[in-house]
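Protein chains: 4
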Amino acid sequence: MKKLNIGMIGCGFMGRTHSNAFSQVNHFFDVPYQPVLKTICGIDAPLAKDFAANWGYESYETDWRKVVENPDIDLIDIVSPNNTHAEIAIAAARAGKMVTCEKPLSRNAAETAGMVEAVETAGVRNMAWYIYRRVPAVMLAKQLIDEGRLGRIFHYRAKFLQDWTISAALPQGGDGLWRLDAAVAGSGVTGDLLAHCIDTAMWLNGGITEVSAATETFVKSRKHNLTGKVEPVTIDDASLFLARFGNGSLGTFEATRYARGHKALYTLEINGENASIIWDLHDLHRLQFFDHKDEGRLRGWKSIHITDSDHPYMKHWWVPGLQIGYEHTFIHQAADFLSGTATGCYAVPTFREGQRTDYVTDAVLESARNRSWVKVGESQESK
Amino acid sequence: MKKLNIGMIGCGFMGRTHSNAFSQVNHFFDVPYQPVLKTICGIDAPLAKDFAANWGYESYETDWRKVVENPDIDLIDIVSPNNTHAEIAIAAARAGKMVTCEKPLSRNAAETAGMVEAVETAGVRNMAWYIYRRVPAVMLAKQLIDEGRLGRIFHYRAKFLQDWTISAALPQGGDGLWRLDAAVAGSGVTGDLLAHCIDTAMWLNGGITEVSAATETFVKSRKHNLTGKVEPVTIDDASLFLARFGNGSLGTFEATRYARGHKALYTLEINGENASIIWDLHDLHRLQFFDHKDEGRLRGWKSIHITDSDHPYMKHWWVPGLQIGYEHTFIHQAADFLSGTATGCYAVPTFREGQRTDYVTDAVLESARNRSWVKVGESQESK
Amino acid sequence: MKKLNIGMIGCGFMGRTHSNAFSQVNHFFDVPYQPVLKTICGIDAPLAKDFAANWGYESYETDWRKVVENPDIDLIDIVSPNNTHAEIAIAAARAGKMVTCEKPLSRNAAETAGMVEAVETAGVRNMAWYIYRRVPAVMLAKQLIDEGRLGRIFHYRAKFLQDWTISAALPQGGDGLWRLDAAVAGSGVTGDLLAHCIDTAMWLNGGITEVSAATETFVKSRKHNLTGKVEPVTIDDASLFLARFGNGSLGTFEATRYARGHKALYTLEINGENASIIWDLHDLHRLQFFDHKDEGRLRGWKSIHITDSDHPYMKHWWVPGLQIGYEHTFIHQAADFLSGTATGCYAVPTFREGQRTDYVTDAVLESARNRSWVKVGESQESK
Amino acid sequence: MKKLNIGMIGCGFMGRTHSNAFSQVNHFFDVPYQPVLKTICGIDAPLAKDFAANWGYESYETDWRKVVENPDIDLIDIVSPNNTHAEIAIAAARAGKMVTCEKPLSRNAAETAGMVEAVETAGVRNMAWYIYRRVPAVMLAKQLIDEGRLGRIFHYRAKFLQDWTISAALPQGGDGLWRLDAAVAGSGVTGDLLAHCIDTAMWLNGGITEVSAATETFVKSRKHNLTGKVEPVTIDDASLFLARFGNGSLGTFEATRYARGHKALYTLEINGENASIIWDLHDLHRLQFFDHKDEGRLRGWKSIHITDSDHPYMKHWWVPGLQIGYEHTFIHQAADFLSGTATGCYAVPTFREGQRTDYVTDAVLESARNRSWVKVGESQESK
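Those protein sequences? They're chains A, B, C and D, same order as listed. Reminder that position 197 of the first sequence reads as 197 in my numbering, one-by-one numbering, no gaps. Reminder that position 74 of the second sequence reads as 74 in my numbering, one-by-one numbering, no gaps. Reminder that position 335 of the third sequence reads as 335 in my numbering, one-by-one numbering, no gaps. Reminder that position 335 of the fourth sequence reads as 335 in my numbering, one-by-one numbering, no gaps.
Where hints are given, some of them may not hold.
Note: identical chains are not told apart, hence a pair may lie in one copy or across any two.
Straight line, CA to CA, 25 angstroms or less: simulated PhoX-like cross-link-like pairs of lysine-lysine [to be verified]:
(1) Lys2 <-> Lys220
(2) Lys220 <-> Lys263
(3) Lys375 <-> Lys66
(4) Lys315 <-> Lys293
Treat the hints as calculated values from the structure; they're not laboratory data.
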């Protein structure tokens, strides 16, 4: 089996999920490459060293440029804060590396444009880690939609609800708190949470053509954890929008970190002429399905426990009835990337496809600022 | 429309549910009789008088014999404590009245035998109010079983869980507490709760042939609410049994008043070769259905919201999506009784059919006493 | 007990729910009036006659003016199509009758203004039947909010999802189909379904200050069931809006008749700083409650089975564990109206309060037309 | 970090779950040993070779004796069919190895006795892989019980429902089908599924003193997959029993492979005076909890999403809201074993504790044969 040497840039929460994915993929999937955890890069040397030891990286670095320049590295995987994505990705592409990048690809579509151009010019493999496409239940939803089971689509609804920033005592700033800094993150929940909802939505239901949005910052100022000063909060705490899709259906989207009682409740629902689907990240191993073609008196919402060998990805895991969890979604994405790399197919979403989400998040933020409907940028042609 | 004059014996909780049923049935069902609330009978005169005023009874009595002897009365409906059922029912039958009786029919099968003989000798209409058969979801289950949707049956499970007697401070005795006095009730949860489970089970799954049971009285003595003295508790607080059905399937049954968190959780599940069914009184307007004939990757438990016009009884109520509740089950039973009376069919269960449950509860109590498997009495031939 | 003579205008679906409420209220609630079903009015004489016989009305009429003019009538209850409400209500008020009216009060706030003026000028009792306030679970939610259990509110979400008009073969027009005719109904789902969501929302969370909405008519033309001609559909099939409340919270609202799999799924969720609440009409006897003050590791969403005597309205019904249904909500509203009438309090919502919902639905329709945020009319001052 | 060289005997389904556990444990838990996958042993050489390559074992063997005799091996982990456990474990103990063994420990308590004696005589570490104790939700239940939150216990219920052997066309015999051969497995569902329920039950609720059981073999003969002949089925397809615990509570237990619609539905419920708990393997990341001490009108079953850092084991995984799955339970058990080994504590259950379950399964099978209540063997003293 061919080795694929990984240089990972970033060693936070996403560094763990990606490292785990590359460690586990060969145990469960028959893919033509064996990823090798070659180098981890983190700006804090002791942390990077510990991370390397924990996950079995052969070396660690504190300067990402050294990783990108290392001729032994085949793939640069970017899991650092959003404001660093573009520069790293562009350099990696120019160095001829495969490049994969945690979402959102960058802080906005314009910034992402440079990344798209770089990977396409260099002709290197590239992928955005919109991992919820690889939840088996969501993939089953995709299959059902592609088979035409739902018929004409009328409604799409998605929410991503969290509650971890409600306390006004929570600081903003650096380290694990860069998600509260718009200069670093690009936006608040719009890029962090809504981006997931939008990527899945367009994958399942085609392009979004226009949006009307509202955002809100409930806690207006917070202490900065590095400076110690109370400073204005620059991000959106909540972001909601109405959408029209290219296929004529209507969408409602909402993300917030102020929904008490929900930790990571990403839910989606799609209502078609013939059938409807509901999925929920808090019970990610289930798909709710309603089929109007069922016999009348026996119609109902079916809770499908996605653990059987005929469910997407599941024959690779345990036996029927035994569920998998969140981390497996990354392993699936790694497997698809490695398989695609062998066969000549690109695993989706590529950077170009990932940029489509940036066009929507840009439109959402503009609509909220301008209090008007905004048409989504040019790349939003309906699928 | 013909009038049917009702004499109701008892004005407690069941007096209310039955009075409501007779008041409401003509508003929703096209039946050939109009029940008239003629006389209510209660041993406490002021209570009976108030009850009559509240429900529109034309008169009240404190001596049930006067009601039975009244030539204007067509139907005697018995909702008094269990130890009074037999004597009233037999007298009513001999007086040529129709007789309906709240469950259990009496304190044991031998006592019930006199009631069966009396109504059959007199040739009068009779019915036991095992009302859970008339929950629309349960009736739908019955239809599916009768259509052979489930195939060979392997397992039947039923539980009736309550928690209202956990406090040792609760007294036993008279008035509303006669259910804690074995001399009046016949038994504890066996006759009160398990009887419901058994009636439904045999209706859905045929006769029970033998049982192995255990009972327990967790609080051994309680103050008597009339005498004020602490006296031994004579009833079973919990009653559990394993069963074998005539069709070869296995059953597990359990009833208790010590299941903290459950108020009236009557649940049943039946597993067949091809399909399975679950129902639950706490959400009585839903039926869970699993059909193995569904396409493999789309198999799952379907939650059928039983509110559509093609569901049993539901076309008589509101519009799809709008649920009914507990009391409606009595109205359905009244409707079936009145319709049957017109067409010559008897509404089930008759006293004879109701007695089959007494044979099982007798066997359960005997098994618990003797710590052995007990065959169910002679009338338990498989349906 | 004093008699209260009812003249009911309309004998459709709502005629049944209201007649049932007035029939049942005295059986379960100790109120100072006994409603008497005096006269039912319907435009189809045979139907009105049958309706009268079924529900025990003493007489029937085909001309509502005769009912309004009848000096024996104390209360005019309006359950006819929306375009008739104002004229009838105004005439009834001028005749000195109490007036209650099914929602929405009329086709728009301007039309409702005449009704408000009439009842206030005449000084007569008046009430709009926004019945979901009287679901025990919703009333418990109100209590918790009023007690400050939720703290500062961040989010309010409501949806009312149906699927009964998906088929393009469904005609529009008269009789039971007037809800598809904007000239009669005023609007489509905005007035029919969203109005419920809005009334509950403002009752629980205070006034809505501005909205951004989108509406859609998925099936553009339908055969008229009276003329037989295919005609443009004039109503909104779906209506969605973002809202800002006076208390600073954000709202998302959606109503549709094109959500396959949902019959009458009215759901609401409210997220506060300290606690959150979810309710769902398809299981109306449950309230979901999350309390952040619970011990950390034991936090979770609690499903409260609203059947205990310490739950709103429930001591009037059966025993713990036994659920009530849709129709009971009308009985509660009737009980509150009759009690209020005795004590001098008005049962809410009065016509004036009901008009607040019309201001919002007007703003929603205007926003959808103009593709802009619209401020809600002057009466929308925060509660 | 010290290396701990693993010799694993068996490379089927459980070989995978154990290999994964030892591969993953150091990535997530700070334990003092690093397990090294030294040698895998399987009777089919090509399969064993592939398994070794897939999981990174340094070598493979087809004769377990060679592994046991290898001085480099520190720990023998047994995941082969039940009839081989005792011989391997005894040899491993005599060779001075640590010994861990998949459940059930052997085919019956007498056979297990030799294993217990061997490990205790040799003074080697030993553990039975009753992994459901390490589900975070189940561990939380244990904490709550140990803290006295539930008060006096009245009822314990457990079921393990599967449906994979319903088809009469399924063969019995060798390879993956040894679970249908009593000579190899010891029993059918009693040892395979009920053993899990019993282990958890006694851990949570103390010893079981006596049982009354029924077993059934629904499909009486099946083709043998090796001989091709139709032969009698020797195992129990279903096994049910009533139990009395040493603490006075009553138990109902059931396991079957004929419960259509359930793949691996291990559920448990425990009802105490003050609180109750429900858990369910199909949604293993949730715990249902009812606390009677909650304010009356707000009592209800709480669904606790076990993903927070204050839940057992969960701080080692991802972030709140993100669930883990089945395989993690083995990783937790490996972590506890390795930690315990370092600190001098034994990770439970040891072989001696695991044998207690064998005494109960022996009693269940005897009770079913003899149709009588059977007292559990001597080691079943109440905790």
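Checklist line | Copy assignment of Lys375 with Lys66, given that the CA separation must stay at most 25 angstroms | finding: neither (41 angstroms within a copy, 56 angstroms between copies)
Note to self: Treating 25 angstroms as the Cα threshold, decide for Lys2 and Lys220: within, between, both or neither.
What the structure shows: neither (52 angstroms within a copy, 51 angstroms between copies)
Next item on the list: Up to 25 angstroms between alpha-carbons, please classify Lys315 paired with Lys293: within, between, both or neither.
Entry: For Lys315 and Lys293, the Cα distance is within 25 angstroms only across copies (21 angstroms; inside one copy 28 angstroms).
Notebook entry, point to check: How would you classify Lys220 and Lys263 at a CA-CA limit of 25 angstroms: within, between, both, or neither?
Noted result: This pair counts as within: shortest intra-copy Cα distance 22 angstroms, inter-copy 41 angstroms.
Against the hints set out earlier in the document, violations occur for numbers 1, 3.
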